[in-house]
Amino acid sequence: MKRVQFSSPYLPYLFLAPQMAIIFVFFYWPSVQAIQSSFYLEDPFGFGSTFVGLSNYSDALGSAQYQAIARFTVVFTALVTFLSLGIGMLLAVKADAVLKGSAAYKTLLIWVYAIAPPVAGLMGMMFFDQHIGPLVKFAALFGWDMKVGLNYNDTAIAMIIVSVWKQIPYNFIFILSGLQSIPASVREAAAIDCRSGTRRFWTMTLPLLAPTAFFLLVINMTYALFDTFGVIDVMVKDKAANNPITLVYKVYMDGFRGNDLGGSSAQSVILMIVVFVLTIFQFRFIERRVHYN
Amino acid sequence: MFKPLSLAGFALAFSASASMAATNITWWHGMAGRNGEVINEVAQKFNAAQSACALTPVSKGTYEEALASGIAAFRSGEQPNILQVFDAGAATIINAPGAVIPAEDLITGAGHTFDREAFIEGVRYFYAAPDGKFVGMPFNSSAPIMYVNTEALEKAGVEAPKTWEEFEAIAPKLKEAGYLPLVQSQLTWQFTENFFSRNNIQFATNNNGYDSVTDTKINMTDPNLVMMFTKLKAWADEGYFGYFGAGWNDNQKLFEDGKAAFWIGSSGSFGGLQKTAQKPFTAAFLPYWQGIEGAGTNSFIGGAALFAMSGKSDEENKCTADFFQFLTSPEIQKFYHQATGYVAITKAAYELTKSEGYYEKTPVAEVGIQQLMLPSGDWSKGYRLGFYPQIREIMEREYGRIFAGETSVEDAMKTIETEANDLLARFAKTAG
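Chains as they are written, first to last, in the working numbering: chain V, 384 to 676; chain B, 118 to 549.
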């Protein structure tokens, strides 16, 4: 690697400063504030706050409701990540093999990504509407009386479908470009050695895709944990009631709707820790098995 | 090099606003659609009526978002002069003394007179201090009323019920005639808060929470409330009642399409329903239980009130006071009442609207106000409970579980009571 020489030792810091300032203002500062207020019980208008130690944390973690939401979040994140990665990969591998009109296929598959999450949520809501939803009518053909908004499991299924649908194109783009970076010589050599396409996928394509797939795994988990907020908000129509929600939505409900700043801050710190642990785990244990060139 | 230029620009901007010589005040609200437009019209009327003050309304999204923005702004010293706060958020703002100037103090301080008796019964207490002093200025008030599909009544050969006992008796006939007898749109507001008020039952200790935040306990396991929800569940099982989730419109739709015979909605739904309902409709009071002693009292104000935020200059506060005074004038109340369907909050405005024959043309518009003007009882004036938006979320969750068959009514009420009492105790700590 080439070493860049600066005439002044301070110059690099100067160049770095704008980026650091942004990170400080938009990430570190709010995080410190959240950690601080998670130890206090505060009146919404900020007239007085009482130090309560860890009781905001114990209140949250000890509540059966919070535990139920946490369990749903785990299931939701696992399913959304697995399904959107799996389907995205399947479509990419198949689209990569198409010879005629591949541009049209690819455009159609990428298209969905241009939809903003709340709009996706809105479309999903209409597809699953109790009274007019075409997917509800379709389910009724099989004797499934789908009640999105009333039945916990039905709503969960609808949420997962919409969230997955929204994320597939993103995975598709990355995996497709990953596939195209596999040299033709390697593919041909593999084709000569092995006739089974499925086996070639597991032994040759997937290992070579591993860096892309690992990156996508991290991105998809964060997507399922945080970015599905818009989808959930629109699908529960502002009233969570007995519908499933994720931990992030609970933070929003308690903090912004309920004005319980201490409790909501404690929950967001818990989430911060979860993401921190998850990231370390991914880099320590999964990335070891990924081979970059 | 930049300095003189920007200073000149600043001076220009300053002189431009100074030349208007009006004191600017802002009003943050949580209304959208037609109701948001009407707010702009009210502000225009105020600005046209005088020249000393210029009022700018700003929509902040929903009720919840308006309250959250107002709180965030207050904490950073950027609060608006006027903030609209909805019913469930009333305890949050009223229990933060120092955040607002009581409307009554503001108005009398500006040299106007203030007469509590001028307001109709149902709106007098909800946004007031325990001694009756108005803290918030009631603005858009509504009552839960029952909309009636007249065609369904004719087909089934029945009358609109006044009590739930009467409803129970006619429900089978309505079902036979091919209708879903009953739908509602908000179990918390219509079948909990207003159930306590309409049937004159205590909702919480400490005088429904009005007297103090300390040790306030909610009365969700009240046998009558349990009975109401047991009935609702039984009616749902027999096809007399339809529950379509916590969303307001999913439930209203059945009535709009003419499939339901009765719909418990808001008096403020009237304007929209006129456009969307496919069958002719009338309205009646929210039914009560004949069997409960002392039932049949008035319901209390729903909707939202305007609060004058503290930390503003005297000139601006004077303008806010003038605007509040303007808002209660019979002409403006009449305009707002007719444009939105929210009830008129002063007796004078009600009389004016009545004398002009508005209710003869549109009798439905009078139902809400008449229900608010019914005789009151000890427990009919609403509640003041902290963290109430979250308590409502707990109720919505458990009520949903009742109708999904995941829990019994007794267990659901016990869960709500326990979790709500925890929240109330928590709120007492923040306010204490």
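Where hints are given, some of them may not hold.
DSSO-like mimics (lysine-lysine), calculated; alpha carbons at most 30 Å apart, straight line [to be verified]: (1) LYS620/V to LYS478/B; (2) LYS622/V to LYS177/B; (3) LYS530/V to LYS162/B; (4) LYS334/B to LYS348/B; (5) LYS376/B to LYS520/V; (6) LYS396/B to LYS478/B; (7) LYS392/B to LYS162/B; (8) LYS392/B to LYS290/B; (9) LYS177/B to LYS620/V; (10) LYS530/V to LYS376/B; (11) LYS620/V to LYS290/B.
Hints in this document: simulated from the structure, not taken from any laboratory. From a predicted model like this one, the values you see are computed outputs, not experimental measurements.
Cross-check of the supplied hints:
1. LYS620/V to LYS478/B: 35 Å, violated
2. LYS622/V to LYS177/B: Holds: LYS622/V and LYS177/B sit about 19 Å apart, inside 30 Å.
3. LYS530/V to LYS162/B: With Cα atoms ~47 Å apart, LYS530/V and LYS162/B exceed 30 Å; violated.
4. LYS334/B to LYS348/B: OK: LYS334/B and LYS348/B at ~25 Å, within 30 Å.
5. LYS376/B to LYS520/V: 19 Å, holds
6. LYS396/B to LYS478/B: Roughly 18 Å separates the two Cα atoms, so the pair holds.
7. LYS392/B to LYS162/B: 26 Å, holds
8. LYS392/B to LYS290/B: 28 Å, holds
9. LYS177/B to LYS620/V: Distance of about 18 Å is within 30 Å: holds.
10. LYS530/V to LYS376/B: Distance ~18 Å between LYS530/V and LYS376/B Cα, so the pair holds.
11. LYS620/V to LYS290/B: Distance ~34 Å between LYS620/V and LYS290/B Cα, so the pair is violated.
Going down the numbered hints, you'll see the structure goes against 1, 3, 11, while the others check out.
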